[in-house]
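Novice: Sequence:
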Amino acid sequence: MLKPTILMAAVWLVLASGESALAASKTTIIWGTDRWPNFTETNGRGLYHDLIQAVFPGTGYELNIRYMNWPRVIQGLDEGYIHMTGAVQKRDKYHYSSQAILSERILILAPATRVNNSFINNISRMTGAWRRGYRKAIVEQSALKGLQGVALDNPEMALKLLDKRRIDYYMDISSIIEKLDSDKLQDLRTKTVGHYNLHWAFSKNESGKALKQHFDRALERLKKSGELERIYSKYDIALPNR
Numbered sequence: 001m002l003k004p005t006i007l008m009a010a011v012w013l014v015l016a017s018g019e020s021a022l023a024a025s026k027t028t029i030i031w032g033t034d035r036w037p038n039f040t041e042t043n044g045r046g047l048y049h050d051l052i053q054a055v056f057p058g059t060g061y062e063l064n065i066r067y068m069n070w071p072r073v074i075q076g077l078d079e080g081y082i083h084m085t086g087a088v089q090k091r092d093k094y095h096y097s098s099q100a101i102l103s104e105r106i107l108i109l110a111p112a113t114r115v116n117n118s119f120i121n122n123i124s125r126m127t128g129a130w131r132r133g134y135r136k137a138i139v140e141q142s143a144l145k146g147l148q149g150v151a152l153d154n155p156e157m158a159l160k161l162l163d164k165r166r167i168d169y170y171m172d173i174s175s176i177i178e179k180l181d182s183d184k185l186q187d188l189r190t191k192t193v194g195h196y197n198l199h200w201a202f203s204k205n206e207s208g209k210a211l212k213q214h215f216d217r218a219l220e221r222l223k224k225s226g227e228l229e230r231i232y233s234k235y236d237i238a239l240p241n242r
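Following our numbering, the numbering of the sequence shown begins with 1 at its first residue and continues without gaps.
Don't read these hints as lab results, they were simulated from the structure.
A quick note: this is a predicted structure, and the numbers were derived from the prediction, not measured.
Simulated pairs of lysine to any residue, SDA-like, Cα-Cα distance not exceeding 20 Å:
no., residue 1, residue 2
1, Lys179, Trp36
2, Lys179, Asp34
3, Lys164, Asn154
4, Lys90, Ala210
5, Lys160, Arg189
6, Lys191, Glu156
7, Lys224, Ala238
Let the hints inform the model, and build the full structure from the sequences given.
Specialist: Shown next, in the form of structure tokens:
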């Protein structure tokens, strides 16, 4: 008969080897993202955090989140050292989720007394602002052309510059502007100057294609169960139309 100590050691070895096999079977996913309030906050809060945890549960996947500025995220996806990011417009560069993740409007934010047709007609002669790294993703996707301005680290800086009349307007997507402190928006007004659907993006290789297929299946399950609507409602964000 085995001694108790020998028996316990044998059990421990079996459990340890099982845990090792389980860990080895997990798929590691590198998710590259910028820091966005209400979406990817560094404390783990945000729509994207909840969505990705639901799509890639910890039992089968090991998620490695890397925070970096947006140009580096795109570079990482191009070069394959990150596996996915979101959300972006559909182009030919990557594999994309079939379902849009966000339906966004592009807004300008400016003093309420100035936002009229004359303001829009003369906006190319004004000084604007937008988030650093997002000129191509946001500004150049709007209906306005020839815009001049400065890149800022965050929307709060834009509010301060608008208050001091150092800039004429700020441009960003609706989900960012609409989450700003309402008290600071009382004398400001928004105007829609563009819109688009945004999708989750995956590296354009076989592993990225497999992740995209899993993402699509999981999203459909979450939608049918009502869990997807619950996640979006938690952050007061509307589900995209398609």
